[in-house]
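Order-wise, the sequence lines are chains A and G. Sequential numbering of the first sequence, starting at 36, is according to this note's numbering. Sequential numbering of the second sequence, starting at 14, is according to this note's numbering.
Don't read these hints as lab results, they were simulated from the structure. Where hints are given, some of them may not hold.
What the hints assert, rightly or not - Taking lysine-lysine and the PhoX-like style, the derived pairs with C-alpha atoms no more than 25 Å apart in a straight line are:
1) Lys288(A) / Lys122(G)
2) Lys140(G) / Lys288(A)
3) Lys113(A) / Lys97(A)
4) Lys140(G) / Lys122(G)
5) Lys288(A) / Lys139(G)
6) Lys292(A) / Lys360(G)
To be verified - A few chain A residues that face chain G, going by a derived Cβ cut-off under 10 Å, partial list only:
7) Phe134
8) Ala277
9) Arg281
What the hints assert, rightly or not - A few chain A positions that, by computed beta-carbon distances, are all more than 10 Å from chain G:
10) Ile179
11) Leu284
12) Asn293
13) Val330
Where is the CB? At the ideal position from N, CA and C, for every residue including glycine.
Next come the chains, spelled out residue by residue.
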Amino acid sequence: MAVAQGAPPRGALLSIKIPRGRGAGLGLYVVRRILWLVPVLFFVITITFVLMHLAPGSPWDKEGKQLSAAVVRNLNAKYGLSDPVLVQYGRYLVNVVHFDFGLSYQYEDQPVSSLILRSWPPTATIGLLAFLMIVIFGIGIGVIAALRQNTWVDYLVVGFSTIGASTPAFVVGIILIIIFSVTLYRVTGGNFSLPTGGFAFDQHLIMPVVTLSVLPIAFIARLTRASTLEVLRQDYVRTAWAKGLRERLVVTKHVLKNSLIPVVSALGPTFAVLITGSVIVESVFAIPGIGRAFVVAVSSRDYPMILATTILFSVIVALANLVVDLLYTVIDPRVRLG
Amino acid sequence: MAAPLLRVEDLRTQFFTSRGIVHAVDGISFNVNRGETVGIVGESGSGKTMTAFSILRLVPDPGRIVSGRILFKDQDVVQMNDDDVREFRGNDVAMIFQDPMTSLNPVTKVGTQIDEAMTAHERFSKKEAQARIIPLLQQVRIPEAARRAQDYPHQFSGGMRQRAMIAMGLSNEPELLIADEPTTALDVTVQAQIIQLLKQLNRDVGAAIILITHNMALVASLCQRIIVMYAGRIVEEGPVEQIFDSPQHPYTWSLLRSVPRVDVARAERLVSIKGLPPDLVRLPPGCKFHPRCRFKIEKCEREEPPLEEVAPNQVARCWVMMRNVAQEQREETKAGEVSREAATELKQAGSG
Ligand SMILES: Nc1ncnc2c1ncn2[C@@H]1O[C@H](COP(=O)(O)OP(=O)(O)OP(=O)(O)O)[C@@H](O)[C@H]1O
Ligand SMILES: [Mg+2]
């Protein structure tokens, strides 16, 4: 999957300094970052296009059924697949500029855009809930571990984050299913268990959200702990104590305000992790979201669908990174975008 | 005479490391009177900063105050509970740290950091604190104080940051201000200005000051009394003039001759003390300075000398004492002269 990191090389973009009129400078910066999306997307589309057409197989290879040569010829003609690849590529680019993402091959003539709109809610719901969990628990347990360094709380967090950061999502998903669906079902005599698949705004959300967030929580907790320990050693924290500030103020105003700066910058890339994760989680828990739509599209060579989902993923990651960079200027006065 | 403001009695602060116990402060006692200016001098690692951190109960891990008393107006800081220590810090005693570049929070406005020092205590209301920020910055001569209060530390120069630290330290009108090397890393002109500022504050506000430094010239230009530390101990103490005229401990004598000079052309006069300070985990027997002392006698290697009165208000910890060393052995320059000249140069740099 060719999901591009939206952030272009820093030097190239941050070179122009705008000394005053921060608001205007910032607006200009945002516009420029969004314009940067154009070459990024062009690159993403090109790579995806090449890979798609290099891969063996065609959209009309169906298991069991063998379509006749005439039918295949008709279908190819209908979707423009008999033209040279370069012509197809050019046509696709022109259509994309007009926000026309084409018709799906697998779901007879449905526009790709409406398919994506339909499978959007589960992915967004699970993704945002997971993101919330990552922010709350990742940062929370990281800070607590640092403040209680070398106590059992700290050891527990370090242990969890070491294991969590090295356990792939599908393993977590399967373990959860074994515990909360299979075993719990047996233990409670069939009265209670978590559903193994499907999507609804109820307990169906629990296991997918946990599965999706364990690894990033572990990663963010580790990062938060390390950066908080680093800040606790700084001279300005001692200054804060020397003023006679209460512990709560020392921690919130002096320690966290500094130690969360690197954590915030890691939250942008976390979005990329969530998107990759959604592909796995939606497959494990049979959730009708975009991640699963992407997997199905790849396996059935639904070219327009593959391209559209890839573009969407790229835009999300790029925008997430943009938001993080903007947030950065708010929390760190030394950083200037322009 | 009234009771001293601060009485440190047999203070010991140690670090418990994998190498063993580091005797950072090893049984020191001294007083500071109200409104008095005292200089603590000594080479790097002699325990000056840890003495100051002990007074504020800020000794970092793995260090601990293991014994002794620190009486501030007859209250023992060592025995205070956490709430009392919090009230004491920044309110009764304020500290200016060694490194102005790293001692301010980089992501908080300078004015806010000063405000916070006041709102941490009850002396001023929120409104009063707010109103005091700009006058405080003006008092430490920060130009355009109103605008500068809105700046972040990275927009300040080193000298301005140190001034901001001083403004912060003074904000609660403490009775004692501890300034730990307030001028290192600053150029000479700024050094002189900072010292000038501290002097003025001592005069106008009446705050007692402990100035910690390696630099005898700084002590001469600000302090009334001097405490010389070596290997976590006091080796000599007395009025500045007297010590400059007749230092009795060979270490004091060497320190006076090794003042860094303002004038580079005369830099060759800088004589650093030969040898290294002792390992604070495995201290030598006898006088801790004897391995580096050129006037030592046999007894120095066996037995540690006590602090002995050598003149009114002056004590030294030595078996020999400089007054008993032949004039020719002390060489032609009177040690105090070097430092006194340096002090004059510093003053000129400040007014120029
Ligand atoms: N965190 C620590 N762990 C172990 N030993 C320490 C620690 N901090 C300080 N020390 C020891 O305490 C001794 C006294 O240190 P201190 O900082 O008081 O010296 P100083 O006189 O202020 O020196 P300087 O002029 O360099 O600031 C040092 O020799 C050092 O070995
Ligand atoms: Mg020091």
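Right, here's what the structure says about each hint:
For the given pair, Lys288(A) sits about 12 Å from Lys122(G) by alpha-carbon distance, which is consistent with the 25 Å threshold. For the suggested pair Lys140(G) and Lys288(A), the alpha carbons sit about 20 Å apart, so the restraint of at most 25 Å is met. About 18 Å separates the Cα atoms of Lys113(A) and Lys97(A), which keeps this hinted pair within 25 Å; it holds. This hinted pair checks out: Lys140(G) and Lys122(G) have alpha carbons roughly 18 Å apart, not beyond 25 Å.
At roughly 17 Å between alpha-carbon atoms, Lys288(A) and Lys139(G) fall within 25 Å of each other, so this suggested pair holds. Between the alpha carbons of Lys292(A) and Lys360(G) the distance comes to roughly 41 Å, so the proposed pair goes past 25 Å and is violated. For Phe134(A), the shortest C-beta to C-beta distance to chain G is roughly 42 Å, which exceeds 10 Å, and the interface hint is violated. Hint status for Ala277(A): holds, given a least beta-carbon distance of 5 Å to chain G, under 10 Å.
Hint on Arg281(A) holds. Least Cβ distance to chain G is approximately 7 Å, under the 10 Å limit. At roughly 18 Å, the least C-beta separation between Ile179(A) and chain G is larger than 10 Å, which holds for a residue marked as non-interface. Non-interface status of Leu284(A) relative to chain G is broken: a Cβ of that chain comes within 10 Å, the nearest being about 8 Å off. The beta carbon of Asn293(A) is not kept farther than 10 Å from every beta carbon of chain G, the shortest such distance being approximately 6 Å.
Every CB of chain G lies more than 10 Å from the CB of Val330(A), the least distance being 43 Å, so the non-interface label holds.
Taken one by one, the earlier hints fail for this structure at numbers 6, 7, 11, 12, listed in ascending order.
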